[in-house]
Amino acid sequence: MSDLIIKAVSRTFPGVQGGPPTQALAPVDLTVTEGEFVAILGPSGCGKSTLLRVVAGLDQPTSGTVTLDGALVKEPGADRGMVFQSYTLFPWLTVAENIAFGPRERGVGLAERQAIAEKLMAQVGLTQFANHFPKMLSGGMQQRAALARALANNPKVLILDEPFGALDHQTRSLMQELLLSIWEQHHKTVLFVTHDIEEAVFMANRVLVMSARPGRFKCEVPVPFPHPRSYKIKTTAEFAALEERLTEEIRGETMLAVSSGL
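Numbering-wise, numbering that gives the first Met the number 0 puts 181 at position 182 of the sequence shown, and it's gapless, one number per residue.
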């Protein structure tokens, strides 16, 4: 199984202009089993994004290890696809070219990577925009293209760092449903960071809450709702109860972060 195992991972950044170092992330342990959708919540500056960058291989931990399918993660790789909050499409490439970029870098032939791009564009509703450049797309369309690009290498793990945070409410809701439908079809392992409690409960199989900096996992809340999930589940008493529980957990950590100036 392609389990993602985070073992005693911490991250400390050097001090600025001779100042003391900053520990962004305390040693944390986490196992994400193959096909699981895990959401991470926490106050700003608690190390959520730092942890994702370490898992993606974009940053190195100060201590600890990350392994995927038994292999040590040391650098970025095609087995992990990442989507950021900011729009990160290459502006000089079309939608189709952006999506096919990863397979091209891996040496996949033209016909095959065109087929990959066409399939994913159809899946995210961008077929008619294949030859458009990013500046010609709305924010939601750019994030759909970014999601398709992250999936193009058929990664074992999909890493998402507040991917819908810059979108308006309605577009964000539609993107949540799109991502969830893709996950329900393919059951990729997903590690998803968000500030939105409703989003975390709607999307995930379990939700982890991180403490104020230095971040550590404070609690874990399983989400019992079956799949496929409809947006209508957000109006149920059970959904509201989970939101309330997580709100209380997050509120305490956020107040601590604010009072400490973190």
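Hints listed in this document are in silico derivations from the structure and should not be mistaken for laboratory results. Be aware that a few hints might be false.
What the hints assert, rightly or not - Cut-off 16 Å, straight-line C-alpha distance, at most; resulting in silico cross-link-like pairs (EDC-like, lysine to aspartate or glutamate):
1. 134 to 74
2. 155 to 248
3. 155 to 96
Said to hold, decoys possible - Each pair of labels, with its calculated beta carbon distance range:
4. 19 to 108: 45 to 55 Å
5. 124 to 232: 14 to 24 Å
6. 237 to 176: 29 to 39 Å
7. 32 to 176: 47 to 57 Å
8. 246 to 184: 46 to 56 Å
9. 169 to 135: 16 to 26 Å
10. 20 to 239: 26 to 36 Å
11. 91 to 219: 39 to 49 Å
12. 13 to 71: 21 to 31 Å
13. 165 to 257: 39 to 49 Å
14. 105 to 134: 24 to 34 Å
15. 135 to 114: 42 to 52 Å
Beta carbons: idealized from backbone N, C-alpha and C, even for Gly.
We went through each hint and held it up to the structure:
About 30 Å separates the Cα atoms of residue 134 and residue 74, which puts this hinted pair outside 16 Å; it is violated. At most 16 Å may separate the alpha-carbon atoms for a hinted pair to count; residue 155 and residue 248 exceed this at roughly 31 Å. Taking the CA atoms of residue 155 and residue 96, the gap is near 22 Å; set against the 16 Å cutoff, the hint is violated. At about 53 Å, the beta-carbon gap between residue 19 and residue 108 stays in the expected band of 45 to 55 Å.
Range check, residue 124 to residue 232: about 23 Å between beta-carbon atoms, so the 14 to 24 Å window is met. Look at residue 237 against residue 176: about 19 Å separates their beta carbons, and that is not inside 29 to 39 Å. Remark: the range hint 47 to 57 Å for residue 32 to residue 176 is contradicted by a beta-carbon distance near 24 Å. Distance hint for residue 246 and residue 184: a CB-CB separation of about 31 Å, inconsistent with the stated range 46 to 56 Å.
Our hint of 16 to 26 Å for residue 169 and residue 135 holds, since their Cβ atoms are close to 21 Å apart. Roughly 42 Å separates the CB atoms of residue 20 and residue 239, a value that falls outside the hinted 26 to 36 Å. Here the CB-CB span from residue 91 to residue 219 is close to 43 Å, well matched to the stated 39 to 49 Å. At roughly 24 Å, the beta-carbon separation of residue 13 and residue 71 lies within the given 21 to 31 Å, and the hint holds.
Taken as a hint, the range 39 to 49 Å is violated for the pair residue 165 and residue 257, whose Cβ atoms sit roughly 23 Å apart. Range check, residue 105 to residue 134: about 27 Å between beta-carbon atoms, so the 24 to 34 Å window is met. Checked against the given bound of 42 to 52 Å, the beta carbons of residue 135 and residue 114, roughly 24 Å apart, lie outside it.
Comparing the model with each earlier hint shows violations of hints 1, 2, 3, 6, 7, 8, 10, 13, 15; every other hint is respected.
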